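2 protein chains.
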Amino acid sequence: MTLAAPVDVSLLICRRATLNDLPRLLQLLADDVLGKNREGVGSSDPVYAVAFDTIAGDGNQQLLVAETGGIVVAMLHLTFIPGLSRRGAWRANIESVRVDSALRSRGIGSWLIEQAVTLAQERGCRLAQLTSDKQRTQAHAFYGRLGFTASHEGFKRVIDTNSNI
Amino acid sequence: MTLAAPVDVSLLICRRATLNDLPRLLQLLADDVLGKNREGVGSSDPVYAVAFDTIAGDGNQQLLVAETGGIVVAMLHLTFIPGLSRRGAWRANIESVRVDSALRSRGIGSWLIEQAVTLAQERGCRLAQLTSDKQRTQAHAFYGRLGFTASHEGFKRVIDTNSNI
Numbered sequence: 001m002t003l004a005a006p007v008d009v010s011l012l013i014c015r016r017a018t019l020n021d022l023p024r025l026l027q028l029l030a031d032d033v034l035g036k037n038r039e040g041v042g043s044s045d046p047v048y049a050v051a052f053d054t055i056a057g058d059g060n061q062q063l064l065v066a067e068t069g070g071i072v073v074a075m076l077h078l079t080f081i082p083g084l085s086r087r088g089a090w091r092a093n094i095e096s097v098r099v100d101s102a103l104r105s106r107g108i109g110s111w112l113i114e115q116a117v118t119l120a121q122e123r124g125c126r127l128a129q130l131t132s133d134k135q136r137t138q139a140h141a142f143y144g145r146l147g148f149t150a151s152h153e154g155f156k157r158v159i160d161t162n163s164n165i
Numbered sequence: 001m002t003l004a005a006p007v008d009v010s011l012l013i014c015r016r017a018t019l020n021d022l023p024r025l026l027q028l029l030a031d032d033v034l035g036k037n038r039e040g041v042g043s044s045d046p047v048y049a050v051a052f053d054t055i056a057g058d059g060n061q062q063l064l065v066a067e068t069g070g071i072v073v074a075m076l077h078l079t080f081i082p083g084l085s086r087r088g089a090w091r092a093n094i095e096s097v098r099v100d101s102a103l104r105s106r107g108i109g110s111w112l113i114e115q116a117v118t119l120a121q122e123r124g125c126r127l128a129q130l131t132s133d134k135q136r137t138q139a140h141a142f143y144g145r146l147g148f149t150a151s152h153e154g155f156k157r158v159i160d161t162n163s164n165i
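In order, the protein sequences belong to chains C and W.
Positions 1 to 165 (my numbering) are the ones given, in order, by the first sequence.
Positions 1 to 165 (my numbering) are the ones given, in order, by the second sequence.
What the hints contain is simulated information worked out from the structure, not anything from laboratory work.
Bear in mind that the values here come from a model prediction, so they are computed numbers and not experimental data.
Please note that a few of the clues may not be correct.
[To be verified] Here are the simulated DSBU-like pairs of lysine-lysine, each with C-alpha atoms no more than 35 Å apart in a straight line:
#, chain 1, residue 1, chain 2, residue 2
1, W, LYS156, W, LYS134
2, C, LYS156, W, LYS156
3, C, LYS134, C, LYS156
4, C, LYS156, W, LYS134
5, C, LYS134, W, LYS134
6, W, LYS156, C, LYS134
With the sequences and hints as input, model every part of the structure.
Structure below.
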């Protein structure tokens, strides 16, 4: 999916995703050098609708989209996590940041991250965090420009031995 | 707080923390080369009781402790996060892993992490993840031995400009 005209960031809107957006969200998730091997056959797979409903029904989760001209051009998944450490600080965890591959390097991702940070601040979060695959070196420079510091190692462990994620 | 006898890992029990554990949890959080500068004056600060209640009241959060002989010797904070990516996979996020500084390198931390992974598997999580400050090089080897891969960069951004965390 591409737009006929260049994207004007000032015309972007940020909103919560609805179930109607699900096919487009899955397209964005799969439109990625790493994600294309992780995602399934498409929106007809009921696991995705179940997952969407679970996220939408949880007050600490927000699936956000950036939209312009009625077209969703980017997404991310924001999670608010309460904590005991750092004097009881809430933190905002950001996952699944995706921008339409035809529309990258135009400021859309930066804009959507800043929308998420503002929402997190409004919820009282004192820290925003995300992990980025070490293969995504361009993304690392991007997050650095947005004020994120690569201060931590991000460890993952697949714990479902029946899965191939 | 130290134990009179060596810790027998086979005698450890894993349980959810209760409000009565809060002073001990704060002691463990502060008993850390990085945490000592981040945490406050102690359990009398009401922000911690509020934070504890918030965590305890959220079905996707578990503050776990390892206990032996009636003494809490380790803790961690486990969060279950629903997701759309990776075919709607839930993931388990682990924060605030602490072992009594007098009792490290005895297998307590490994044991507690494995308890958390088992709980996460029972909840259907397909991935466990955590970040570890790049200064904690010993911890990185520890997580490597537990099957975690440092595949990601862990980015953090302080978003509360009034805070000094």
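Checked hints:
no.	hint	in the structure
1	W/LYS156 / W/LYS134	holds (12 Å)
2	C/LYS156 / W/LYS156	holds (17 Å)
3	C/LYS134 / C/LYS156	holds (12 Å)
4	C/LYS156 / W/LYS134	holds (15 Å)
5	C/LYS134 / W/LYS134	holds (14 Å)
6	W/LYS156 / C/LYS134	holds (15 Å)
In terms of the numbered hints stated before, the structure departs from none.
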